[in-house]
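Asker: Take a look at the letters that make up each chain.
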Amino acid sequence: MSWRFPKHPLLPGQTVTPEALNEGVRPAAEELSGQLNEHNWKVGTIPNEFNCEPDCAFVWHSEGTFVNTVGAAGAIVLQSTHDWQDLPGLSIQETMPSCLLWVHVSLWAFPTTSGGLLVQPTVALAIRIDDQLIQESIIGGGDLGNDEEQLGSVRIPLCTSIVLPVGSGEHKITAAFRALGTDDDTWIYSREIIVLQMRR
Amino acid sequence: MAEVTLNPLDPGDVLDASSINDLMDGIKLAVNDVEADALSPGALNANHLPSLMRESKQVVIGGIAPATHSYTGMAYPAFVAISQGGTPLDVTLGSSYAFSADFGGALVCATLSVESLGASTFFRVESWDGAAWVSITRSERVAGEGSTHVSIRTLLTVADHAIVSQVRVVVSQAFAADTVVLRDCSLSVLILHGPRE
Chain A
19 MSWRFPKHPL
29 LPGQTVTPEA
39 LNEGVRPAAE
49 ELSGQLNEHN
59 WKVGTIPNEF
69 NCEPDCAFVW
79 HSEGTFVNTV
89 GAAGAIVLQS
99 THDWQDLPGL
109 SIQETMPSCL
119 LWVHVSLWAF
129 PTTSGGLLVQ
139 PTVALAIRID
149 DQLIQESIIG
159 GGDLGNDEEQ
169 LGSVRIPLCT
179 SIVLPVGSGE
189 HKITAAFRAL
199 GTDDDTWIYS
209 REIIVLQMRR
Chain B
11 MAEVTLNPLD
21 PGDVLDASSI
31 NDLMDGIKLA
41 VNDVEADALS
51 PGALNANHLP
61 SLMRESKQVV
71 IGGIAPATHS
81 YTGMAYPAFV
91 AISQGGTPLD
101 VTLGSSYAFS
111 ADFGGALVCA
121 TLSVESLGAS
131 TFFRVESWDG
141 AAWVSITRSE
151 RVAGEGSTHV
161 SIRTLLTVAD
171 HAIVSQVRVV
181 VSQAFAADTV
191 VLRDCSLSVL
201 ILHGPRE
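Chains as they are written, first to last, in the numbering used here: chain A, 19 to 218; chain B, 11 to 207.
Source of the hints: derived by calculation from the structure; they are not laboratory data.
Predicted model only: the values in this text are computed from it and were never measured.
A virtual CB, placed ideally from N, CA and C, is assigned to each residue, including glycine.
Quick list of in silico lysine to aspartate or glutamate cross-link-like pairs, EDC-like style, CA-CA up to 20 Å: (1) Lys60(A) to Glu45(B); (2) Lys190(A) to Glu207(B); (3) Lys60(A) to Asp47(B); (4) Lys190(A) to Glu154(A); (5) Lys38(B) to Glu41(A).
Listed below are several chain B residues computed to face chain A (Cβ distance under 8 Å; list not exhaustive): (6) Met34; (7) Ile37; (8) Arg151; (9) Gly154; (10) Pro205.
Work out the full structure: start from the sequences and follow the hints.
Answerer: So, in structure tokens, the structure goes:
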């Protein structure tokens with residue numbers, strides 16, 4: 019609730035009228051919201067971070083895996099398709115308050131056949147929030163009709179990030195991948211997803 | 011909060027202590043009933059709160075010729091530290107931070123610009139645990155011909171080791187005879203007050 023100077027302050031010798039008194043009080047009554055705002059707290063009220071709850075402003079979530087061998091446990095194998103595929107193990111699902119989310123996805127991909135021959139597909143990486151692909155997070159081509167050139171190499175390190183506001187409730191943040199231009203598989207090796215809730 | 015009751019004075023009312031008090035009482039009762047923890051969104055801002063970012067530090071090395079830097083003679087899984095002109099790609103924080111209930115993760119961001127690579131070049135983040143460099147294996151990224159840059163994002167946690175004080179990036183390759191040439195490289199570490207859940 020903000021403080022306001024009375025509209026009609028009482029001065030010595032002034033005739034007091036009901037209208038002036040009402041006008042002096044009504045703004046204060048209208049300001050009352052039942053909540054305290056920034057004007058009701060002294061500067062430096064909370065001097066030290068250790069006076070704050072641990073999760074008052076930032077909360078981290080992360081999942082990551084180390085894999086560096088073809089066919090090893092934990093490696094993800096994806097077939098070439100026009101569809102985006104969610105990556106297992108790169109998923110965060112949490113109930114959170116209304117906040118900004120800062121999401122990072124980092125991994126490397128290795129396209130190969132089961133016979134060990136190397137091919138060069140075109141790949142793309144993106145972030146999904148609540149099953150919605152975030153277009154601004156796409157690394158590689160977003161529109162197959164317009165973007166003929168996507169990322170292509172024999173070993174492909176990829177990284178993308180996004181900052182997005184979300185409402186309070188449960189949210190699911192995942193990494194999605196697409197590989198095109200080969201009849202063979204693309205392997206996803208070491209990878210990590212990091213999500214930071216920014217609550218203030 | 012109690013309901014706000016405004017009892018305005020009407021023309022012709024007697025103006026005395028009782029009528030003025032009656033005008034104010036409805037507001038006074040409501041104000042006195044507001045609870046100390048009834049905060050509107052954004053009530054506490056930078057004027058009231060301390061900074062909850064404990065530390066943020068970045069190191070940038072290298073560039074285009076003559077500031078490129080080369081590495082050869084190492085073969086996976088042997089790694090060497092990245093440095094240019096005697097400056098390592100290494101962030102030393104102002105303090106050692108022990109992971110706890112209110113410090114759950116240290117975000118590490120590495121971005122490496124590549125001039126040329128061998129058949130397979132491996133990059134990893136390492137963190138100093140007070141006695142030795144610990145390899146953060148999930149941060150390993152492999153690049154081959156055609157890659158122009160490598161970005162690594164990893165969150166250090168208590169599962170890696172108990173404290174974080176110093177972070178660096180290391181490089182290796184499949185064949186010792188290959189040569190890796192890097193350009194500008196940056197390494198950032200962000201320490202925030204907050205748990206990992």
